[in-house]
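Chemist: Listed below, chain by chain, are the residues.
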Amino acid sequence: MSQKLILSIVTPEKQLVAEEVDQVNAPGTEGDLGILYDHAPILTNLRSGQLSYEKDGETVALVVSGGYLEVTDNRVTVLAETGEFLHEIDRERAERAHADAEKLLLTDLSEEEFIETQKKLFRAVARLENLNNN
Amino acid sequence: MPNLKEIKRRIQSVKNTQQITKAMKLVAASKLRKAQLAILEARPYAIKMMDVLNHLAARCNSDLHPLLDEREGNRHLFLLITSDKGLCGGFNGSLIRKMAKHLKDNAQNENSLIVAGKKGNDIFRNRPVTITEEIIGWTKDFDYLKAQSIGENLTTLFSEKKVDKVFMVYNEFKSVMQQEVVVEQLLPVVPENLAHKDDTFAVDYIYEPDEESILDELLKRYMTVEVYRAFLESSASEHGARMTAMDSASRNAGEMIEGLTLTYNKARQAYITKELIEIVNGAEALKG
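In order, the protein sequence lines correspond to chains A and B. Under this note's numbering, read the first sequence as residues 1 to 134, first letter to last. Under this note's numbering, read the second sequence as residues 1 to 288, first letter to last.
It is worth saying that the hints were derived from the structure and are not from the lab. These numbers were taken from a predicted model, which means no experiment stands behind them. Just so you know, nobody snuck in bad clues.
Calculated pairs, DSS-like style, for lysine-lysine (alpha carbon to alpha carbon, straight line, at most 30 Å):
| id | chain 1 | residue 1 | chain 2 | residue 2 |
| --- | --- | --- | --- | --- |
| 1 | B | Lys174 | A | Lys14 |
| 2 | A | Lys14 | B | Lys34 |
| 3 | A | Lys14 | B | Lys85 |
| 4 | B | Lys274 | B | Lys287 |
| 5 | B | Lys140 | B | Lys25 |
Work the whole structure out from these sequences, hints included.
Modeler: Okay, structure coming up:
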């Protein structure tokens with residue numbers, strides 16, 4: 001019985017994952033979603049957060065930020081802006097980014113800069129949160 | 001008789017050149033490895049992106065988004081990606097030739113250029129064509145952010161209706177030995193299977209939040225990714241071309257040195273023979 005999803009996670013820098021998995025949990029902008037075999041076709045934006053997938057009873061977690069998730073015909077395609085495996089995250093760097101972004105947000109920023117910085121902050125928060133939870 | 005000293009000097013000079021070309025070849029090879037890795041890892045993203053976009057656009061209305069807007073008009077903008085440095089064989093030459101031919105063949109259009117790279121700018125500055133922007137020194141540190149700003153720039157020009165079509169002209173990386181000049185339409189975006197809309201799919205497709213906003217974001221990102229990919233392709237091609245060019249230059253220098261050494265030895269022998277004859281002649285004269 002091979003009811004597996006074909007998962008591929010790619011970022012502009014490289015292809016992170018190309019595997020057959022049992023389940024994918026992703027952070028959509030409208031809420032987290034879990035995807036199992038025979039999921040209806042869907043296309044959604046992703047926010048910064050934890051994306052995990054289960055394969056043969058093992059769970060692998062990544063922190064992704066921004067991008068899309070598409071499911072068609074049991075193929076799950078994740079186009080993320082950035083993506084890191086949990087064990088690859090550099091805590092110090094994330095903490096520094098977090099502090100920097102917080103400080104910046106208090107200063108005078110144009111709207112675009114504000115959005116950019118806010119994104120950075122969310123990214124840093126997502127990284128740190130997941131580090132602390134695991 | 002050729003001057004011995006002169007030949008020796010030339011051999012030395014060719015040897016020096018050969019040393020330089022050899023060094024450049026090695027440098028290009030190591031840069032190529034990095035550039036090649038970058039492009040090979042960036043490609044899957046670009047391809048998947050195109051897939052998602054195609055799926056989505058096939059189910060959406062094409063006049064849903066300004067970047068898909070196919071309009072009449074002949075103001076064409078070309079983004080020409082050349083290198084900053086020379087000594088890379090036919091890399092820039094074939095690119096510029098293709099561009100010039102294209103401009104000539106489509107002279108009835110209102111063509112303008114955005115030229116990246118010093119080499120392309122040097123050439124087209126003196127030609128009767130409008131250059132809207134010069135991007136010089138990109139080869140040093142190109143990253144995703146730069147691609148983004150170039151992409152946004154192009155998007156703005158297009159959506160403000162200052163141009164009707166945007167193309168990219170660059171060298172696509174086929175292999176180390178092979179690059180191919182491609183002219184690619186960037187805007188308006190033409191999704192591949194727009195022609196045969198797949199209506200059966202549309203029924204139960206879920207969009208979060210909704211298809212318009214996804215399409216909007218997707219198209220913006222697609223622009224960045226395409227520009228990013230084109231620049232990476234070009235960079236890998238440049239290093240490949242330089243490596244091949246420098247390799248053959250080193251080989252040619254080697255052949256030249258061989259030839260010159262042969263002439264040198266011949267000349268030296270002739271010189272010794274001549275001297276011997278003189279000595280013998282002198283001795284004969286003394287005897288007599």
